[in-house]
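Residue numbers (my numbering), protein chains in the order written: chain A, 2 to 112; chain B, 28 to 139.
Just so you know, these hints were derived from the structure itself, not from any lab.
Here the structure is a predicted model, which is why all the values come from computation and not from measurement.
Some hints here could point you the wrong way.
[Unchecked claim] Every beta carbon over 12 angstroms from chain A, so not counted as near; a handful from chain B, in silico: (1) 31; (2) 72; (3) 90.
[What the hints assert, rightly or not] A few chain B residues that don't get close to chain A, going by computed Cβ distances all over 12 angstroms: (4) 30; (5) 36; (6) 44; (7) 56; (8) 57; (9) 59; (10) 68; (11) 77; (12) 86; (13) 102; (14) 106; (15) 115; (16) 120; (17) 122; (18) 132; (19) 133.
[What the hints assert, rightly or not] So, partial list: chain A residues that the calculated Cβ filter (under 7 angstroms) puts toward chain B: (20) 44; (21) 50; (22) 62; (23) 102; (24) 104.
Each residue gets a CB set at the ideal place from its N, CA and C atoms; glycine is no exception.
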Amino acid sequence: SQQGEEDPQALSIQEGENATMNCSYKTSINNLQWYRQNSGRGLVHLILIRSNEREKHSGRLRVTLDTSKKSSSLLITASRAADTASYFCATSSSNTGKLIFGQGTTLQVKP
Amino acid sequence: EAQVTQNPRYLITVTGKKLTVTCSQNMNHEYMSWYRQDPGLGLRQIYYSMNVEVTDKGDVPEGYKVSRKEKRNFPLILESPSPNQTSLYFCASSFPDRREAFFGQGTRLTVV
Numbered sequence: 002s003q004q005g006e007e008d009p010q011a012l013s014i015q016e017g018e019n020a021t022m023n024c025s026y027k028t029s030i031n032n033l034q035w036y037r038q039n040s041g042r043g044l045v046h047l048i049l050i051r052s053n054e055r056e057k058h059s060g061r062l063r064v065t066l067d068t069s070k071k072s073s074s075l076l077i078t079a080s081r082a083a084d085t086a087s088y089f090c091a092t093s094s095s096n097t098g099k100l101i102f103g104q105g106t107t108l109q110v111k112p
Numbered sequence: 028e029a030q031v032t033q034n035p036r037y038l039i040t041v042t043g044k045k046l047t048v049t050c051s052q053n054m055n056h057e058y059m060s061w062y063r064q065d066p067g068l069g070l071r072q073i074y075y076s077m078n079v080e081v082t083d084k085g086d087v088p089e090g091y092k093v094s095r096k097e098k099r100n101f102p103l104i105l106e107s108p109s110p111n112q113t114s115l116y117f118c119a120s121s122f123p124d125r126r127e128a129f130f131g132q133g134t135r136l137t138v139v
């Protein structure tokens, strides 16, 4: 089952611009994570935000979480061509380790 | 280096010929899982394992088997592959206390 819906599905920006991706989910969560996937490669963990947190930063990444709206956003500031990839949100709702992924946002950063 | 290793990376096989995709992790993670990724469908969980000898079905288990005889290994078995199992497969591992998951590099399987 797919819990998350991501918006937009695709995003194209110029290098140096900011990129914002949104994720909505349906059930209560323990945490929400963002992953990056370069074309056809494995997913790489970017950042985790717990359900009792509202905002988190890691380098050029900023994640927000609004549990009342069941939504999260990922902001990549000062984007680079190397940021071109697909970005997925994933929610964890139990202590089993299971993640439920959104459909992903494909980001293209033009040099 | 902490990693999840899948093999093979690419595989082309014929319908009905049994195959195994191996997955190994070196982080002593209890939780391991298999996902398949298909265009327009995202990542869907096939099977997962909470620990040695403990496995359970995910969202799309039909046509797959798994085993967890050792903590580090979690092979995915297709007893009789069919063309609808053509997909990109990922193995992942984590600690089950809400932390990040580590993914393998993926296995692109084509069944003809």
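Original post:
Checked against the structure, which of the hints given earlier come out wrong?
Top reply: Numbers 1, 2, 4, 5, 7, 8, 9, 10, 11, 12, 15, 16, 17, 18, 19, 21, 22, in rising order.
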